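Q: The lines below spell out each chain.
2 protein chains.
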Amino acid sequence: MGNVGETWKSIEGGIAAPQGFYAVGVRAGIKYENKYDVALLFSQVQAQAAGVYTRNLVKAHPLYLTQRHLHNGLAQAVVINSGNANACVGEFGDQAALAMAQVVAMFTAVPVEDVLVASTGVIGVEMPLDRVLNGIRAASAELLGAMVKGIRGQEETADDGAHRAALAIMTTDTIVKERAYELPCSRGGVIKLGGMAKGSGMIHPNMGTMLGFLTTDAKLPAAELQRILREAVDESFNMVTIDGDTSTNDMVLFLANGVSGVTLSEEDLANFEKLVKTMCVQLAQDIARDGEGASKFMEVTVSGAKTKDDARKIAKSICGSSLVKTALFGEDANWGRIFTAAGYAGAEFDPGRVDISLGDLSVAQAGKGIAFSEEKAKEILGFKDVQISLNLHMGEEDATAWGCDLTHEYVTINGSYRT
Amino acid sequence: MGNVGETWKSIEGGIAAPQGFYAVGVRAGIKYENKYDVALLFSQVQAQAAGVYTRNLVKAHPLYLTQRHLHNGLAQAVVINSGNANACVGEFGDQAALAMAQVVAMFTAVPVEDVLVASTGVIGVEMPLDRVLNGIRAASAELLGAMVKGIRGQEETADDGAHRAALAIMTTDTIVKERAYELPCSRGGVIKLGGMAKGSGMIHPNMGTMLGFLTTDAKLPAAELQRILREAVDESFNMVTIDGDTSTNDMVLFLANGVSGVTLSEEDLANFEKLVKTMCVQLAQDIARDGEGASKFMEVTVSGAKTKDDARKIAKSICGSSLVKTALFGEDANWGRIFTAAGYAGAEFDPGRVDISLGDLSVAQAGKGIAFSEEKAKEILGFKDVQISLNLHMGEEDATAWGCDLTHEYVTINGSYRT
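Chains as they are written, first to last, in numbering that gives the first Met the number 0: chain P, 0 to 418; chain C, 0 to 418.
Calculated directly from the structure, the hints in this document are not laboratory data.
Predicted model only: the values in this text are computed from it and were never measured.
Hints are not guaranteed to be accurate.
Just so you have them, the derived chain P footprint on chain C, three or more residues with Cβ under 8 Å [stated by the list, open to error]:
#1 56–65
#2 79–90
#3 118–125
#4 324–334
#5 337–345
For every residue, glycine included, the Cβ atom is placed at its ideal position computed from N, Cα and C.
Can you build the whole structure from these sequences, using the hints too?
A: What follows is the structure, given as structure tokens:
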């Protein structure tokens, strides 16, 4: 996705990089000792807001609250906890999600309807609400302190707060996923974009919760923000997290507070959309790379498809195939498994036209295996990053998906997640 | 599926138990030393025949031949090899499948159109045709010898031939899957049913080839046989092998040679249909139990569904969930993963009505976790066989699916399958 001639540049500051945003992360003792587990994100002014949510029929309690509060396209704060999903616990769960929003609303003096809530962790167990709310109180107090410092021009701790927020939303994640960019605008001024995400690429990737939070100080109406987010998510997070194979808690939220004061030209808007996609793809790749117990990262590109949907289905089917994933782990050039996973993806293509490559090594042409150097294949599969490409020769559409290998460690991690 | 008042009884003889059927298995050296890898099944008269096949877009070469040869609903011989799938190798593959049928046709003096072919093993590599055909010659010769003995009343080796045939279709299977039954008929006489299967329950179960072969000496027209087979497969093999998640080589064939001479009453036919389903369920369970590296077997029953299709989707989604499978391996009562897998199954239900049990221990009611004894849960999950049940409280339909846990051994086996 890295285009030549990009006009943006990477900056520090993560989710709090855009003007007027503040973020903190605290240790509330929800699950582990000494682990950040409550994050609070706040905009100094009411922001336009957009969200996309899991398609799983079984939805966690905070999702309902967030969807309801986002109904008017406005939000000012987001509170997130890890260690407990607040899912499938009945009436208690709705009350807990509301209590989380209420504590933030009281401390920051914003309407409770402008507070959004997200959770990730174990399902079906009531959250330790006292500890969660105490954590939110501590986070709110720290946030107010940071804002006071900000107002006084002492922002040296702001980066750290955003980083701790990114730490606080992690569960089995091993790497922090945060990014920030600034984009110079055509009529002068810059707008900034920040983001953080949580998720580990799993066998069925989307079964583990995927959370994403984006902020910008650009001025954009909620409807426009929603469109930009939807399109970016479809090409990024949804290409790691398989449709219809979703967790109870997945969501991606996007807040635009307009504090930059910059008015966007059409060209600026187009660049901004590209930048949002780029950042979402980077965060999605980070999730795939951080797969539970993963030792390798795979990027699957399907070209020559009749429709975008066909290309996506096939790319995701290959990334999600346990047999492809174990072959990748074993560095075995078993391209038949790649072809088989394409065959059951539910997409339309002629098997007799398909070309398959591992890296730059062609292993099958026109649906048929060709002689290739096992040594060269072994070398390609020996890298930490492995590219798989299929050309269907059916049309002009393409798509890329990301995944990881399936290892012994995956089994170990998931065999004892809850207990 | 074991019903009280069954009229049938289990007998020896496997696939060759029904009158007029012969089976042998030989070592052709296709993949391993000292492993049976070519099976030949033969009926002394032309039989009515039915088949169901993989829905994968990518189909192995023998599938096309078998579908073509079965077009008239007649067959007399089935030849099967393991060690090479004869898939995705172009023109060579079609020629190889035809050559396999031709050798059988020549030796047994039946029309080549009455010979069906199945293969299982690695995809995309040309089969060692000389060895395969030599194996088929040896199998044909032995089969003719067995027939001569049969005609002379010296059938003592027949059982052994069927058993070797069942061994010869195995790849990563660790247990032989064969069954036989006899069913007394209402107007006197008995009909027999035999079967053998191959398959290992995988993470995405149906990605590994599933083969099934059924024989009967009952007299049934091909169309009737096809209906009975279709219905039985939908409730058995397809509940281990997930729809749309199919291998290139899957097929189940059913031959009825009428040699029993018994005319079936309506009641006999109904009993026979039940028996076919029962045997297919047993073979399907054997496949689930024999999962690659599996240490546990799971049976998931979904009741109270609005439609049969909903019940099946949910049962299979749970059995296929890697997170449920790893939790089973870790003996962790993580019912949230069960509920989540139900939620993304693509079925219609109200999450707020769902009850979930592990064995006889209720863990969630009306979509909400309830207090349960972790000790009791640990005991239930400690068994080799684990029952999971969901009641959706949406309607009257139910379905059962079978699967296994996901272990370190699975990763080891599949990390180095091809090389």
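Q: Hints first: check each against the structure and report whether it holds.
A: Each hint tested on the structure:
1. 56–65: holds (count 3)
2. 79–90: holds (count 5)
3. 118–125: holds (count 5)
4. 324–334: holds (count 8)
5. 337–345: n = 7 at 8 Å, threshold three: holds.
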